[in-house]
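S.K.: Relying on the hints, combine the two individually framed chains into one complex.
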Amino acid sequence: MKSRSRLHVPRAPARPGEAPDFSYVHLSPAGAVSRPDINARARDIGFLSTELVRVLDEGGMALGPWHPHLDSADLQIGLRHMMLTRIFDDRMQRTQRAGKISFYIRSLGEEAVSVAQCMALRPGDMLFPSYRNQGLQIARGIPLVDLMNQTLSNTRDMCKGRQLPVMYHSKAGNIFSISGNLATQFPQAVGWAMAAAIKGEDHLAASWIGEGSSAEADFHHALLFASVYQAPAILNVVNNQWAISTFQGYAGGEQRSFAARGPGYGIAGIRVDGNDFLAVYAVTQWAAERARTGAGPTLIELVTYRAAAHSTSDDPARYRAKDDQEHWPLGDPIDRLKQHLIALGEWSEERHQALAAELDALVVASWKEAVSFGTMSEGPRLNADLMFDDVFKEMPQSLERQRALMRAERG
Amino acid sequence: MANMNMIQALNSAMDIMLGKDPSVVLMGEDIGYFGGVFRTTEGLQRKYGEHRVLDTPIAEGGIVAAAIGMSVNGLRPVAEIQFADYIYPGFDQIVSELARIRYRSAGEFFAPVTIRTPCGGGIRGGQTHSQSPEGIFTHVSGLKVVMPSNPYDAKGLLITSIEDDDPVVFFEPKRLYNGPFDGDPNKPAVPWSTHPKGQVPEGHYTVPLGKAEIVRGGADVTVITYGTMVFVALAAAAALGLDAEIIDLRSLVPLDVDTMCTSVRKTGRCVVAHEATRFSGFGAEILSVVQEECFWDLEAPIQRVAGWDTPYPHAFEWEYFPGQARVATALKAVTEAQ
Chain A
-8 MKSRSRLHVP RAPARPGEAP DFSYVHLSPA GAVSRPDINA RARDIGFLST ELVRVLDEGG
52 MALGPWHPHL DSADLQIGLR HMMLTRIFDD RMQRTQRAGK ISFYIRSLGE EAVSVAQCMA
112 LRPGDMLFPS YRNQGLQIAR GIPLVDLMNQ TLSNTRDMCK GRQLPVMYHS KAGNIFSISG
172 NLATQFPQAV GWAMAAAIKG EDHLAASWIG EGSSAEADFH HALLFASVYQ APAILNVVNN
232 QWAISTFQGY AGGEQRSFAA RGPGYGIAGI RVDGNDFLAV YAVTQWAAER ARTGAGPTLI
292 ELVTYRAAAH STSDDPARYR AKDDQEHWPL GDPIDRLKQH LIALGEWSEE RHQALAAELD
352 ALVVASWKEA VSFGTMSEGP RLNADLMFDD VFKEMPQSLE RQRALMRAER G
Chain L
10 MANMNMIQAL NSAMDIMLGK DPSVVLMGED IGYFGGVFRT TEGLQRKYGE HRVLDTPIAE
70 GGIVAAAIGM SVNGLRPVAE IQFADYIYPG FDQIVSELAR IRYRSAGEFF APVTIRTPCG
130 GGIRGGQTHS QSPEGIFTHV SGLKVVMPSN PYDAKGLLIT SIEDDDPVVF FEPKRLYNGP
190 FDGDPNKPAV PWSTHPKGQV PEGHYTVPLG KAEIVRGGAD VTVITYGTMV FVALAAAAAL
250 GLDAEIIDLR SLVPLDVDTM CTSVRKTGRC VVAHEATRFS GFGAEILSVV QEECFWDLEA
310 PIQRVAGWDT PYPHAFEWEY FPGQARVATA LKAVTEAQ
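So the protein sequences, as listed, match chains A and L. Here the numbering used here is used: position 322 in the first sequence is 313, and no number is missing along the way. Take any residue in the second sequence, note its place counting from 1, add 9, and you have its number in the numbering used here.
In isolation and in its complexed conformation, chain L is listed as follows (with noise of 0.2 Å):
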């Protein structure tokens, strides 16, 4: 076990898989001879070669095509998108090919391709450095979606998604990159080091997809969340006084059906949080199959905590960051309903 940040967790599964798979291949923009902006592939090309470690133009259709193709000549490439909201330029590539390349060859190619992405804000990132897209790919047949909230499953995740046969789109919420962000910008940063999570096995291990994690038990009310949310969560509810069931969904696609409805069906009472927009969020399929099989066991109407339906203001951010006086607001919603 050591001490790891997500930053040096997520580098720390690339260079095990860089080391055990000769396939893997890591590309984008910055991430080779620097290590990447946010420093994540440090060290990785000088230990393994250009030709396994490459920079990129600034094309991201370019990188997400190439990966594709190499995939189908038997790579296995982690390609780094910058920031989530760089996204956009290959989106085609991701949801008409990337996707639907096993499908449509009924299964003669696969693209097993990670593309790993910063998101979601916190960083004074501004309305083109701060966005979670993650629930418009959750609307695409053929991608796994990712989002750890911690070391431990950040490195365990992304092997899982390196090694996975089907392509995986992994969201890196970069706000917790250094440490377990409760939403409270005014308090000191609190670093992995202080946090259970934080001690990382050094060798391999896997986190499987689809499978969500009861952060904390409870018998009050039920928060279905993910990424930057858990630790937002957990500090509202215990403000609050709660028995709350914290879960971290970790993988959005596959979703951990069994997790939410078990927790809802105990506690009769739920929330949702994610920090993305929230009309066509990703909570509103969260909460639609909630309502479907855990209806008659509910005792208050759902809520949604979410960021709002604006783009990320960069002068305004904590007041556009759905922090813990948007989830008390929820929770009290939730658990004061008659």
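Chain A with its partners taken away, still in its complex shape (with noise of 0.2 Å):
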């Protein structure tokens, strides 16, 4: 038979109607992935791009070289800021389902990115965020009143009205502004870091993509440059598996890993279960070391779930498996974590309905006082003439008269 040129065209595992399969995960046991010193060579430590680094075990144990020994009340810091990032996610969801904001985007099932990421970073470490992070303003102390009025675009909005719901931004906080373009923060997250380096500064930057974007070039120059110039930098490739209705195969995952990208361009790369709240510190903390001590960039691939639509825009039952997130294997990180402190002896589900009935009552006395500064249909609302400022630095002719004749229009 004659051999011929073929096209492969990547096929979800399961689409709607069809039986749930994540047999293409590939899984390593809790505790079997070794943790190499923190200034091995990328080249020597290519396992860690295959390989799948977990702690926590079935049973809530925590196991192997890259636990990380967190005392219990990092746990438990840990888990509200989890917890609290559902919370809120959940009331914005509904929300936005009220019509009280435009639009919204939950980061159900993804928690322990974020706040397992920003916990084991330093308060002076820069973060690059896409918008699925919202974690990571929580785990940073920006108060949930700050996050509600940007969604309102009211007249406390920290964007002044300019960016749609979730695109935030904390100067103080060290929190750069987040872009509706996707990718474009890795990148940039690498110009910081090399400034920081030029600088003789100990900071280090950290970036979040999904596996979805990691497909635009942006991805590629961002890898290229920390490479090229080593940059204290730690570039986070979140493998949510699905980038809106496109599974991860479009972005090229059915052939390698995302983590395996790092060594392809001399980064060291490192997969680990991002539902693991202890797995995703302990690894954060490894590559943060590394950037700190000179010994290079690091790409991280999160291996996680997208338990949510991808926005309130979107409708996942239109196209994958309604009972998909049942059967990731990887389970919620939320649950992991308290399973685990119920297991140290630590939590429990009494403490553990207190918690949340206690963070339930903040976000909503967060929303009582977020609406009380205005919504987009009620109450006060930010003056438009706010639209010509910050174009530039200092407003050109050409703006006040264009303003004016806003000002005008409007009578």
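These are calculated hints, taken from the structure and not from any lab test. Wrong hints could be hidden among the right ones.
[What the hints assert, rightly or not] Simulated pairs of lysine-lysine, DSSO-like, Cα-Cα distance not exceeding 27 Å: (1) K384/A - K220/L; (2) K29/L - K56/L; (3) K359/A - K91/A; (4) K29/L - K190/A; (5) K384/A - K29/L; (6) K359/A - K162/A; (7) K275/L - K341/L; (8) K384/A - K190/A; (9) K190/A - K56/L; (10) K162/A - K384/A; (11) K29/L - K220/L; (12) K341/L - K196/L.
M.R.: Below is the structure:
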């Protein structure tokens, strides 16, 4: 028979009406992957990019060389931040459904990524988030009211009404402004890290993108510049399997892991269970130590699952199997940390319920405060004059004239 | 004062800023060890070190993005894009990011990046080394766009751009690097040493953005132009014996509307000239502003002189280039109209 060239068209493992299938996700047992010295050369630790670093086992016990040995107070802080992120998300989703905000994006099922990573970094480290990293904002202590004000584009909106909901920023919190254009923040983070090294400071930059947007040229620019200049950067690919309706095979995930892009560029690549708080914390701490000691950048692939819709404008029932998430082999990050704390004797169902109620009350109170500063439809509103500010540092005459025309138009 | 061509003047601007401000860094393809393909950064890496004058990978998108990140971390990067024709891989980072960081963060973050890039034709560069894409960038809110036509302005405008807290795209008409070219390729090249604008102060000085220069005062007609076309317009008007007022815009954003319109109100006649393609070119914006502001003073329809709406062809460079003949046709049409 004659051989022919062929076109491979990736197919999602399960579409609506089909049985969920996660056999493609390569799993390593908890505690099984060794932890190289932080000075190890990228070329000598290629195994990290194909194995899966896991610490928590099925029974909630922490195992192996990546066990970060956090004290239980820190674990409880992590649990609290993750729970607050989820309760906040849930509330914002409902306010969008009620027509109070125009748009929202939840991070359901991915809370450990942002919270554990943020906790493993220092306050002076600069974060370049994507749109599904609200856990970073919460773990950095940005008040919920500030986040809510942004989603409402109200009179206290940090963005002065210019950005879609969830595109937060915080100069004081060292969190960069979120862009709606995917992946642009990745090479910017590397530039920030290069500047830190030029200035001789030991701050690092960390950035996040989804596996889907790792297809953008910006991802490759980031890895290239990080490799060439050995920038103190942590580059995180949150592989939540789905980019709206496009499964990770269309970003190249069928042939190799996303972490394996790292060794291709001469960068340490490490694949981690993104729903395992302890493992995420440990690999981030390892990468941060590498960055701070001149051992260069690290690419981390956080293997997780987008349990929610892409956004409030999306309906995943149209493109993925209905009970997909129930079959996801890495479970839920909050449940797993909760079980671990219970196994340690440091937590209980009762305390969990009480904390959930406390956080729920905090979210409700914050929302009440936020709406007092206005919503899109009611209450005080930002002055539309603000649209002409900050295009440039000083307003040019041409914009002053347009502002006057707009005022005249509105009478 | 020293004799400088435009390359030396630009080099002097960067030298002074590197010496004056430790946050200034240069970056770009071939700019470090080698000193740039046009020698614009020659000697600067040796003088200021590899951390201040960075050779980069051939990735314009990465160069712009890294410059943005650096600027957010307190540096003041001057990024060279080797040819303006190569700027497009960095387009998204310029348009969606660089131009809007101040706006979208309500002023909390800003990105004082200067992007230098040689533009224009007349150097046998063919369609990938001759383009004039300045108009595309003037259409983007949040960018300043500059194009000098001589060594004195080049140095002063580049220092101003680097010191500016907003992003600037700085176009360098490369046909003018070595002398004031009047559009006639058959004449012997004239060096900057013979021109008053080749006399450049050695120290720090600035030329403001948003301030056009009246290169020649006149009463018959106003020619609004910039970059390569300044000397072409001067020569064309002189050959016709016209008392033309020639305005070199120097910066397109911000635009010096007052100087343009004061002149047109005086002369009542206007020609707009640039090397870039005509359709949707920056000339259309100039023409529109002049029409809005000076309609009742106009004695004749405004004429536009530009490159043809084709790519810049290698073998037909001088048929493409808007030389003196094309300017003269427009000048005659405008001045002879009753």
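S.K.: Taking the hints in turn, state whether each one holds.
M.R.: The hints, checked one at a time:
Taken as a hint, the K384/A and K220/L pair is honoured in the structure, with Cα atoms around 18 Å apart against an allowance of 27 Å. Annotation: proposed proximity of K29/L to K56/L holds, straight-line Cα distance about 13 Å (limit 27 Å). Proximity of K359/A to K91/A is assessed by CA-CA distance (about 12 Å); at most 27 Å being required, the pair is judged to hold. About 16 Å separates the Cα atoms of K29/L and K190/A, which keeps this hinted pair within 27 Å; it holds.
In summary, the hint linking K384/A to K29/L is supported, as the alpha carbons are separated by about 22 Å, within the 27 Å threshold. Straight-line distance between C-alpha atoms of K359/A and K162/A comes to about 25 Å, which keeps the hinted pair within the 27 Å bound. At roughly 18 Å between alpha-carbon atoms, K275/L and K341/L fall within 27 Å of each other, so this suggested pair holds. With a CA separation close to 25 Å, the supplied pair K384/A and K190/A stays within the 27 Å bound.
As the CA atoms of K190/A and K56/L are separated by approximately 18 Å, the hinted pair is consistent with the 27 Å bound. Proposed proximity of K162/A and K384/A is supported: the alpha carbons are some 17 Å apart, at most 27 Å. About 25 Å separates the Cα atoms of K29/L and K220/L, which keeps this hinted pair within 27 Å; it holds. A hinted pair counts as satisfied when its Cα atoms are at most 27 Å apart, and K341/L with K196/L qualifies at roughly 24 Å.
Checked against the numbered hints given earlier, this structure breaks none of them.
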